[in-house]
Amino acid sequence: MHHIGVRNIIKNWGAFSALKDVNLDVREGEFLSILGPSGCGKSTLLRIIAGLEEPSGGEIFIAGQNVTLDPVWKRKIGFVFQNFALWPHLTVFRNVSMGLELRKTEKAELYNRVMEALRMVQLEALADRLPAQLSGGQQQRVALARAIVLKPAVLLLDEPLSALDKNLRQDMQVELKALQQTLGLTTIFVTHDQEEALSLSDRVVVMNKGVIEQLGTPDAIYNQPVSEYVAGFVGEACFFEGRIEGNGQAKTLRLSDGTAVPIRGNGIQVGQSAVAFVRPEWIDLNKLDISLSPGSPQGTIERLMFFGQSSDYLVRLGDRQLRVKYKSDGPRLAPGDTVALCCVARVLPGNGAAS
Amino acid sequence: MKKPANTILMLPAITILGAFFVVPLIWVVILSFLTSGPTGEVQNQLTVSNYARFLTDSYYLQDLLLRTIRLAAIATVFSVAIGYLGAFVIARAEAAAQTWLVMLVMLPLWVNLVVRTLSLMVVLGRNGPVNQLLVGLGFADRPLQLLYNETAVIIGMVQVAVPFVVMSIFGVLQSIPRQLEHAAMTVGATPLSAFRRVTFPLSLPGVLAGSVLAFGINVESFVVPILLGGGRVRFMSVAAYETATISNNLPFAATIGVILLIVTMGMLGIYQWAVRSAGRSTAVLQAS
Ligand SMILES: Nc1ncnc2c1ncn2[C@@H]1O[C@H](COP(=O)(O)OP(=O)(O)OP(=O)(O)O)[C@@H](O)[C@H]1O
Ligand SMILES: [Mg+2]
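First to last, the protein sequences are chains A and B.
Quick note: the first sequence uses our numbering, first residue 13, plus one each step.
Quick note: the second sequence uses our numbering, first residue 29, plus one each step.
Simulated from the structure, these hints should not be mistaken for lab results.
Any given hint might turn out to be false.
What the hints assert, rightly or not - Derived CB-CB ranges, DEER-like:
#	chain 1	residue 1	chain 2	residue 2	range
1	B	A124	A	Q321	48 to 58 Å
2	B	R304	A	I22	47 to 57 Å
3	A	G26	B	L296	43 to 53 Å
4	A	P49	B	I44	55 to 65 Å
5	A	Q321	B	V303	54 to 64 Å
Each residue gets a CB set at the ideal place from its N, CA and C atoms; glycine is no exception.
Construct all of the structure, not just a fragment, from the sequences and the given hints.
Below is the structure:
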């Protein structure tokens with residue numbers, strides 16, 4: 013059963029429409045990420061679900077109830093703001109306890125629940141500090157404790173980790189996910205970091221200009237994107253455009269320069285024009301036996317980038333550059349080498365046009 | 029490194045401040061310890077008799093000093109209440125409207141204080157709009173005496189102080205992110221309790237600054253008590269003026285001035301102390 017329902021949500025700011033008919037179902041206990049570039053409407057959608065913003069049209073359901081007309085303070089949500097929005101004049105304890113105070117929770121229970129929430133985020137030792145006396149990561153935890161102490165039906169997070177540096181961020185990702193699973197919270201997590209979205213989520217929503225481009229598991233989003241936009245936004249992609257040819261099982265895409273790339277994908281029809289893409293790690297570079305892969309696109313190695321466990325080759329292919337990723341014990345190639353590209357490209361549905 | 033250059037740059041300002049402010053102030057303090065002869069000439073003989081006269085006479089102590097402080101304090105309470113409301117409305121208005129509202133608040137400051145107070149006399153006068161409204165609506169049988177009493181003076185002082193209070197509170201309200209209130213609403217606070225628990229405590233530094241400003245302005249009022257008090261409401265600055273001109277006793281006028289100054293400074297000192305001890309929130313707001 014769906015736990016959060018977004019139905020035909022529209023949001024206009026004057027003549028500009030920030031959300032254009034958005035529909036979304038979030039399942040109970042699910043961790044769902046909303047991924048998209050800056051300004052695509054992620055925060056607006058999240059704030060509408062929370063009730064912090066009024067939609068221009070459409071409805072919001074939480075736990076089966078139509079909450080569209082309910083104000084924020086009546087929706088049972090926990091919200092974590094991008095910059096934490098802690099109350100600077102209150103201690104960590106009081107920041108977390110305010111929600112319980114407002115509900116006139118009895119004193120002993122209030123104390124126990126606040127300390128329990130602080131323990132979950134490992135902050136019970138700092139209960140008497142003021143927010144200004146905390147590090148960024150600690151402030152983030154307070155914001156999280158404040159959101160979960162009320163045992164909300166849903167947890168909404170607006171880029172909660174973007175203010176943290178990389179190492180802390182990775183630690184917090186693990187903690188956040190663990191906490192979400194322990195509490196079984198239905199969670200919507202807004203981010204523009206694709207790795208974060210892919211690694212944490214049960215499902216990912218990719219948004220673009222106020223529209224949901226694709227909703228799917230991280231694997232589906234990465235390996236079977238439905239559009240050039242999604243393929244290019246989530247991970248790196250190199251696109252090929254051409255006409256589908258085939259003899260039997262093996263189908264190829266004949267490019268305009270005469271070379272051909274093997275392809276796979278659903279509903280491939282010979283004779284159609286199509287767009288296919290490859291990921292950097294799907295490509296093999298073949299130097300010695302160019303003759304063995306006749307008709308493959310050929311390029312020149314321009315640069316080698318060593319990252320430790322992996323290395324990237326930047327390959328010049330006609331008028332563009334593409335990236336090929338190898339484990340560091342891959343082939344030994346040098347800048348200037350001519351190579352053949354061996355890969356199976358994935359055809360995008362519907363000629364790659366946005367569906 | 030820049031220190032010496034700064035000092036040189038500030039020299040003209042220090043000189044002007046010294047010549048026009050500090051030196052006269054020192055002269056007034058000295059003057060307050062002298063006496064005047066039968067024809068008003070100042071006699072060069074140090075004495076504390078002026079202070080003794082002021083502090084032992086219940087007319088000066090009760091009727092003058094305490095009344096001045098009392099009226100100024102009452103006016104300050106009203107100024108801050110009204111000013112807070114105004115500042116809040118402006119802070120929550122749309123950006124385009126904000127500029128205009130701020131201008132509107134500042135507008136009275138461009139009009140001469142005497143002119144402003146005189147127009148207030150028209151408004152509160154026997155045939156003024158306030159009386160016409162009260163009589164017209166049947167709240168009063170005949171025009172009320174709204175002028176030449178303490179209420180009139182308080183109204184006048186409020187009118188002077190409110191713009192300053194609005195501006196000092198508006199500045200602080202403006203610096204409090206709205207998100208802090210939104211965050212309170214996400215944990216179940218109604219807009220009212222979000223204001224009470226978050227925005228209001230965070231705006232207290234502005235309230236304190238505004239009240240210090242308002243009290244300082246009110247306690248030094250001169251035009252307002254003269255015109256709206258009509259000579260019937262005794263007030264420190266007015267008494268100092270009359271002592272200097274009518275009674276021709278400059279040293280005693282100086283004494284009244286110095287006592288007023290000490291009271292004002294004392295009140296500000298107490299306020300500063302109060303702000304600092306309640307000031308954890310102030311410091312935090314500035315730190316974050
Ligand atoms: N109060 C507002 N008035 C006018 N336009 C707004 C307002 N709030 C947001 N917008 C516009 O709506 C669009 C979506 O904004 P939103 O904050 O949802 O973006 P976002 O996807 O969260 O971006 P980011 O990753 O930068 O946070 C933007 O183009 C923004 O300019
Ligand atoms: Mg955003």
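Structure-based check of all given hints:
no. : hint                        : result
1   : A124/B x Q321/A: 48 to 58 Å : 55 Å, holds
2   : R304/B x I22/A: 47 to 57 Å  : 52 Å, holds
3   : G26/A x L296/B: 43 to 53 Å  : 48 Å, holds
4   : P49/A x I44/B: 55 to 65 Å   : 57 Å, holds
5   : Q321/A x V303/B: 54 to 64 Å : 57 Å, holds
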